[in-house]
Structure formats: structure tokens, C-alpha cells
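Generate the whole structure from the sequences, applying the supplied hints.
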Amino acid sequence: MVKIRLQRLGKNKAPFYRVVATDSRNPRDGRFIDIIGTYHPTQQNEQFKIDEEKALKWLKEGAQPTDTVKSIFTKLGINAKFVSNK
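If you're matching positions, the sequence shown starts at 279 in this note's numbering and goes up one per residue.
The set of hints was computed from the structure by calculation and includes no laboratory data.
As the structure is a prediction and not an experimental result, all values here were calculated from the model.
Backbone N, C-alpha and C define an ideal beta-carbon position, used for all residues, glycine too.
Accuracy of the hints is not assured; some may be wrong.
Listed below are the simulated DSS-like cross-link pairs for lysine-lysine, each with C-alpha atoms no more than 30 Å apart in a straight line [said to hold, decoys possible]: (1) K332 / K364; (2) K281 / K353; (3) K348 / K364; (4) K281 / K348; (5) K338 / K359; (6) K335 / K364; (7) K327 / K338; (8) K338 / K289; (9) K281 / K335; (10) K359 / K281; (11) K348 / K359; (12) K281 / K338; (13) K332 / K281; (14) K291 / K353; (15) K353 / K364; (16) K327 / K291; (17) K364 / K281; (18) K327 / K353; (19) K335 / K353; (20) K353 / K332; (21) K359 / K332; (22) K348 / K327; (23) K289 / K353; (24) K359 / K335; (25) K359 / K327; (26) K348 / K332; (27) K348 / K291; (28) K348 / K338; (29) K281 / K291; (30) K335 / K348; (31) K364 / K327; (32) K338 / K353; (33) K281 / K327; (34) K289 / K359; (35) K364 / K338; (36) K289 / K348.
Computed spacing ranges between beta-carbons, pair by pair [what the hints assert, rightly or not]: (37) K289 / F326: 30 to 36 Å; (38) K289 / K338: 34 to 40 Å; (39) T346 / K291: 17 to 23 Å.
See the structure below:
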């Protein structure tokens, strides 16, 4: 099963994350299939950079987003586009 989840990068107390599509059996920071975008929780502005086309492609192929990624997609309106295209 393919999951869309966050992969932690950065140094101690200064994290940033990649939003990746990966096999659910791989570890959090392990191998991934595709990079969908980035998430910088410590910045004030422009925290999310998500490629909508890739995100919608993986959602259409049946990838399951984690709760955090699902909330990011909801804030950006990707979930609404996915549901309306169904």
C-alpha cells in the first residue's frame, strides 16, 4: 500500500519535511517513490510547497495520506479538488 507522508529533514530543533509517496512498510525517513512537496513548520509565511498534479495523481492511484498530510491538503484545497473529480 502506498502512503503519502512526511519525511523529516533538517537539524535538531530546526526541522523541515518532504511530503513523499512511499510504501507503507518503509521507515519514516527511508526510501520513497516520489517527492510531492515540502513543509516548513518553523517559517511564518509560505510553509507549504506542494505539486498539486503529483498529489492528485497519487490520490487517484489509491495512495492514502496520513492525518497530517490530509490536513495540509485540506488547507491547500487539494482534497476538495480530488473529491470533485471523483
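> Range hint 30 to 36 Å: satisfied by the CB atoms of K289 and F326?
Replying inline: 21 Å, violated
>> Checking one constraint from the list: CA of K281 to CA of K291, max 30 Å. Satisfied?
In response: 26 Å, holds
> Hey, K359 versus K335, does the alpha-carbon distance stay inside 30 Å?
Replying inline: 12 Å, holds
> Is the hinted pair K353 and K332 satisfied, with a Cα-Cα distance of at most 30 Å?
Replying inline: 17 Å, holds
> Does the alpha-carbon distance linking K348 and K291 stay inside the 30 Å limit?
Replying inline: 24 Å, holds
> Is the hinted pair K364 and K281 satisfied, with a Cα-Cα distance of at most 30 Å?
Replying inline: With Cα atoms ~19 Å apart, K364 and K281 stay inside 30 Å; holds.
> Is the distance from the Cβ of T346 to the Cβ of K291 consistent with 17 to 23 Å?
Replying inline: 19 Å, holds
>> Next pair to validate is K335 with K353; report whether the Cα-Cα distance is within 30 Å.
In response: 18 Å, holds
> Is the Cα-Cα distance between K364 and K327 30 Å or less?
Replying inline: Within the cut-off at roughly 24 Å; holds.
> Do the alpha carbons of K364 and K338 lie within 30 Å of each other, as the hint requires?
Replying inline: Within the cut-off at roughly 8 Å; holds.
> Quick one, are K281 and K338 close enough, alpha carbons at most 30 Å?
Replying inline: 12 Å, holds
> Is it true that the CA of K291 sits at most 30 Å from the CA of K353?
Replying inline: 25 Å, holds
When held up to the earlier numbered hints, the structure conflicts with 8, 34, 37 and fits the remainder.
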